[in-house]
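Visitor: All chains, full assembly: derive it from the sequences and hints.
Here the protein sequences line up with chains H and V, keeping their order.
Using the UniProt record's numbering, the first residue of the first sequence is number 1, and each one after it goes up by one.
Using the UniProt record's numbering, the first residue of the second sequence is number 1, and each one after it goes up by one.
Think of the hints as simulated: they come from the structure by calculation, not from any bench.
None of these values were measured; they are calculated from a predicted model.
Some hints could be false.
[Stated by the list, open to error] With a cut-off of at most 25 Å between alpha-carbon atoms, the simulated BS3-like pairs for lysine-lysine come out as follows:
1. V:LYS45 - V:LYS105
2. V:LYS17 - V:LYS57
3. V:LYS28 - V:LYS14
4. H:LYS145 - V:LYS118
5. H:LYS145 - V:LYS17
6. V:LYS118 - V:LYS105
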Amino acid sequence: MDWALPRLVTVAKASAWQYSSAADSEPGRNDSVNTNAACPADEMIPTPSTSHVDYNRVYEPAEDSYLLLDTLSASSESNWLRARFPPTSATPSAVEVGCGSGVVLAFIAANAERLLGRPDVTTFGIDVNEFACKATADTVSLAIKEAGPTNQSVFGGSINGDLMTSLRPGSVDILVCNPPYVPTEELPNESNLDEFADRADFGSDEAFDRDSRYLALAYAGGMDGMEVTNRLLDQLPEALSQHGAAYILLCAQNRPDAVKDRIRSWAHGWSAETVGSSGKKAGWEKLSIIRVWRS
Amino acid sequence: MKLLTLNFLTCARKTCKSTAAAFPLHPKEAELEQVEMELNPLFVKNMLPRLDWEAMKTLATELGLPNLPAETPVAEELANESGEPTQTLRDLHTLLMETAIASGKLVCGNCGHEYAVKEGIANFLLPSHMV
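Guide: Shown next as structure tokens:
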């Protein structure tokens, strides 16, 4: 592992468009989260396969994706989720916004029993990138198949959409989002992605342009790296169910403490806590995951 | 996209979201596909309470599928005395889990906007003037 080397936060989000790795490696998986390593319940659960995904146009699983997997599978988080969604309650829905390769959603779908203490969960992936939507459908379906017959999770489908605008109010129980968190001068324009729809005839330059735009959408977060995350946060009170919880990944430049304080000031009793972090590197925390829920 | 998913979707336009007419979205020129899946009794039983039954009935009618019972089936109707899955359970499984929209459109009952479905993936991206 290369953890001794201080790495910039931007590396994880940037690596996908700068160079794509053919190897299905997973640097950073499970050495990044501060959990009790002595506890057998925290043994590492395998990462779902994404070897079929084209990383020239879909964000490749990286350190940030693996921090989500490790946070969700830590026994502390699993205990919280089990209490929140007891087996006697209705099947929970798990939605990932910006599902990319689908690795996180597939992890939840395939390990429902381990993560939620129940075998039934229904999963949906949402992404602005149509290739990510297809990739997620393949990744999650494959993971469920490989999980075997005791797994009772159902993949509802992928939705090509903007954050949670297409979801019925109150329909999300577990929201997961690894947003574009890297501070950038401006956001890529997503309004004209439709120019590319229905066309198979464009030249290699245009195709490259489209793919670059898709990858930029996966990392470019605008001012403070928070422009997309802020829109997502604004949608939470409407989208989450009464028991709903959101897991959102932030980097240090997003100023997680200020984000949590703001959520806690929302009307009707909201809580926000840091439930996973990549640990302090050179005195500052690189990545963290906050859980947001109605208290 | 499984029919189950339509229980969770609505029109993406802000002005439609809170209106009753925006849910469920109405399938149009829908090409359905049947994807076989293991019978999943626990999932069906635990999913029933969160289904909008009126919406499911509307969808079944609009898609020309067999009519659903007038009321949401209760858990007891899903297994017989010896614990075997009933026909009701099998029908629900077929409808929600195995029937998918492969292509077509989903139409908002409020604003009339049509969302395209291609290769099983619905496109809810709106041009900026419609957001």
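Visitor: It remains to establish, for every hint, whether it holds in the given structure.
Guide: Hint-by-hint comparison with the structure:
no., hint, result
1, V:LYS45 - V:LYS105, "violated (29 Å)"
2, V:LYS17 - V:LYS57, "holds (21 Å)"
3, V:LYS28 - V:LYS14, "holds (22 Å)"
4, H:LYS145 - V:LYS118, "holds (23 Å)"
5, H:LYS145 - V:LYS17, "violated (35 Å)"
6, V:LYS118 - V:LYS105, "holds (9 Å)"
Of the numbered hints listed earlier, those contradicted by the structure are 1, 5.
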